[in-house]
Amino acid sequence: MSDRLSFYVERSSLLHRLNPLTKLTLAFTLIFLAFFGPGYWLPAGLYLFVLIPLSFLGGVGKDFVRTSLRLLLPLFLFLFVMQSLFYPGGKTVIFSLWIFSVKSEGMAFAFLTASRILVMVSSFLLLFLCTHPSALMNDLARRGAPAALSYIITSTLQILPQMQAKASAIQDAQSSRGLNTGGNLIQRTRSLLPLVGPLVFGSLVDIEERAIAIEARGFMLPEKKTSLIDIPDTRPEAIFRWGMLLLILLTTGYRLWPS
Amino acid sequence: MNIIQSIKKDFNTMTLVLIPVAIAINVVIGQIVVLLKLPVYLDSVGTVLVAAICGPWAGALTGTLSNIIWGLIIDPNALPWFPVAMFIGFVAGWAAVAGLFRTWWKVVITGILVALTAAVVSTPISVYLYGGITASGSSFITAFLLQSGRDLVSAVLSTNFIVEPIDKIATSLLAFAIIKGLSVRYLSRFPRPENVLVGK
Numbered sequence: 033m034s035d036r037l038s039f040y041v042e043r044s045s046l047l048h049r050l051n052p053l054t055k056l057t058l059a060f061t062l063i064f065l066a067f068f069g070p071g072y073w074l075p076a077g078l079y080l081f082v083l084i085p086l087s088f089l090g091g092v093g094k095d096f097v098r099t100s101l102r103l104l105l106p107l108f109l110f111l112f113v114m115q116s117l118f119y120p121g122g123k124t125v126i127f128s129l130w131i132f133s134v135k136s137e138g139m140a141f142a143f144l145t146a147s148r149i150l151v152m153v154s155s156f157l158l159l160f161l162c163t164h165p166s167a168l169m170n171d172l173a174r175r176g177a178p179a180a181l182s183y184i185i186t187s188t189l190q191i192l193p194q195m196q197a198k199a200s201a202i203q204d205a206q207s208s209r210g211l212n213t214g215g216n217l218i219q220r221t222r223s224l225l226p227l228v229g230p231l232v233f234g235s236l237v238d239i240e241e242r243a244i245a246i247e248a249r250g251f252m253l254p255e256k257k258t259s260l261i262d263i264p265d266t267r268p269e270a271i272f273r274w275g276m277l278l279l280i281l282l283t284t285g286y287r288l289w290p291s
Numbered sequence: 617m618n619i620i621q622s623i624k625k626d627f628n629t630m631t632l633v634l635i636p637v638a639i640a641i642n643v644v645i646g647q648i649v650v651l652l653k654l655p656v657y658l659d660s661v662g663t664v665l666v667a668a669i670c671g672p673w674a675g676a677l678t679g680t681l682s683n684i685i686w687g688l689i690i691d692p693n694a695l696p697w698f699p700v701a702m703f704i705g706f707v708a709g710w711a712a713v714a715g716l717f718r719t720w721w722k723v724v725i726t727g728i729l730v731a732l733t734a735a736v737v738s739t740p741i742s743v744y745l746y747g748g749i750t751a752s753g754s755s756f757i758t759a760f761l762l763q764s765g766r767d768l769v770s771a772v773l774s775t776n777f778i779v780e781p782i783d784k785i786a787t788s789l790l791a792f793a794i795i796k797g798l799s800v801r802y803l804s805r806f807p808r809p810e811n812v813l814v815g816k
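If you read the protein sequences in the order shown, they are chains A and B.
For this note's numbering, add 32 to where a residue sits in the first sequence, where the first one is 1.
For this note's numbering, add 616 to where a residue sits in the second sequence, where the first one is 1.
Careful: at least some of the hints might be erroneous.
To be verified - Cut-off 30 Å, straight-line C-alpha distance, at most; resulting in silico cross-link-like pairs (DSS-like, lysine-lysine):
no., chain 1, residue 1, chain 2, residue 2
1, B, 625, B, 722
2, A, 256, B, 653
3, A, 257, B, 625
4, B, 796, A, 256
5, B, 722, B, 624
6, B, 796, A, 198
7, B, 653, A, 198
8, A, 257, B, 624
Claimed, not checked - In silico negatives: residues of chain A with every beta carbon more than 10 Å from chain B:
no., residue
9, 152
10, 181
11, 203
12, 220
13, 233
14, 277
As the list claims (entries may be wrong) - Stretch-level coverage of chain A by chain B, calculated; a stretch enters the list once three of its residues show a Cβ under 8 Å from a Cβ in chain B:
no., stretch
15, 140-147
16, 183-189
Keep in mind the hints are simulated off the structure, nothing from the lab.
No residue lacks a Cβ here, since even glycine has one placed at the ideal position from N, Cα and C.
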């Protein structure tokens with residue numbers, strides 16, 4: 033099961049010190065440009081000349097390149113094989129093998145799709161590598177996002193590793209009683225309930241106590257909550273965010289403009 | 617009842633503390649299923665559970681946040697699919713309000729409704745973001761349909777109609793089995809216990 037709780041890597045780089053909202057805006061802008069911006073090579077260029085340099089600036093370059101390739105390489109191999117063979121409307125045959133023929137239109141389409149997905153996934157990856165989820169949620173709550181939202185996200189991140197530990201404990205307990213997780217499809221389906229049952233009911237029992245605990249702390253009161261953690265934000269960053277928004281608007285205009 | 621009231625009805629303190637557990641249930645059951653190599657995902661059992669006993673809005677929120685958390689800690693590829701998860705919770709919630717979560721065969725109908733919604737919502741995402749071919753094995757069906765002369769949208773849509781129902785019916789039945797294991801006293805603390813209790 034997953035080896036660590038989030039992608040976050042602790043460093044003291046410029047990228048880590050930026051306000052979370054600035055990094056979130058940057059991620060959305062890059063994704064928007066990759067999908068709607070001009071030029072066939074733009075998404076690939078964004079990855080090579082913006083995202084990779086940024087990740088090295090943030091001191092997470094190795095993690096960034098390694099994780100983005102690990103997450104996407106299987107998809108890309110699959111994508112290239114399938115699209116080059118089956119892309120509708122492909123005419124230019126590069127080479128044929130038996131009944132399969134590789135077409136250049138399919139390859140070109142696969143490359144464009146792959147580079148866009150690369151920008152989409154790796155922009156978020158970079159955001160999560162250098163922003164702790166709870167810092168992002170705290171900052172959004174401070175700017176007026178509902179407190180319940182940041183409660184849900186941060187407490188999920190706390191509960192999840194506990195449940196994963198519980199799941200593997202249950203799995204050990206059931207296999208020591210002779211539960212077989214191998215065998216044919218029916219046998220494997222039957223072993224699902226003894227694994228899921230204790231896990232789910234065990235976790236649902238704790239809920240009531242937690243509800244009483246947060247009610248006793250006045251969580252549901254309508255008053256504005258204050259935060260213990262101060263998240264810095266600077267004027268240049270705010271200007272940068274408006275700049276990003278302008279870039280998105282310009283791209284939209286370029287797309288909609290009849291040429 | 618207007619929309620604001622309908623949304624507010626879904627959220628009490630119990631909903632708020634159930635959602636994180638439901639998201640964790642989604643993730644952990646999803647991982648157990650991978651471990652057992654079953655031909656389904658079952659990664660929205662928690663979402664359907666919340667939708668049934670707390671309502672459609674809470675279900676939609678659980679689905680959305682579930683995908684965000686999945687993207688946050690396991691694979692950012694999950695992020696663009698959040699509308700699918702959102703609509704799964706939303707439709708399951710309304711089906712439960714309409715009384716389709718009280719007996720097992722009605723739950724099968726809920727599963728079918730959820731599957732149809734998931735198929736329709738995921739098609740444009742699959743077509744525009746991934747060009748129709750995603751990392752899942754069902755893309756072979758899409759490729760086959762493309763080869764036999766279908767256009768991209770109808771090939772992806774047909775593939776989804778083939779693969780979604782079995783997963784979503786199993787998901788709904790598992791959520792139903794969990795609810796049947798909970799006491800009436802416990803269920804009554806959630807906003808919409810009447811959705812799942814028969815004649816009590």
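Against the structure, the hints come out as follows:
{"no.": "1", "hint": "B:625 x B:722", "in the structure": "holds, 24 Å"}
{"no.": "2", "hint": "A:256 x B:653", "in the structure": "violated, 47 Å"}
{"no.": "3", "hint": "A:257 x B:625", "in the structure": "holds, 23 Å"}
{"no.": "4", "hint": "B:796 x A:256", "in the structure": "violated, 39 Å"}
{"no.": "5", "hint": "B:722 x B:624", "in the structure": "holds, 27 Å"}
{"no.": "6", "hint": "B:796 x A:198", "in the structure": "holds, 22 Å"}
{"no.": "7", "hint": "B:653 x A:198", "in the structure": "holds, 20 Å"}
{"no.": "8", "hint": "A:257 x B:624", "in the structure": "holds, 20 Å"}
{"no.": "9", "hint": "152", "in the structure": "violated, 7 Å"}
{"no.": "10", "hint": "181", "in the structure": "violated, 8 Å"}
{"no.": "11", "hint": "203", "in the structure": "violated, 8 Å"}
{"no.": "12", "hint": "220", "in the structure": "violated, 5 Å"}
{"no.": "13", "hint": "233", "in the structure": "violated, 6 Å"}
{"no.": "14", "hint": "277", "in the structure": "holds, 20 Å"}
{"no.": "15", "hint": "140-147", "in the structure": "holds (count 3)"}
{"no.": "16", "hint": "183-189", "in the structure": "holds (count 6)"}
Taken one by one, the earlier hints fail for this structure at numbers 2, 4, 9, 10, 11, 12, 13, listed in ascending order.
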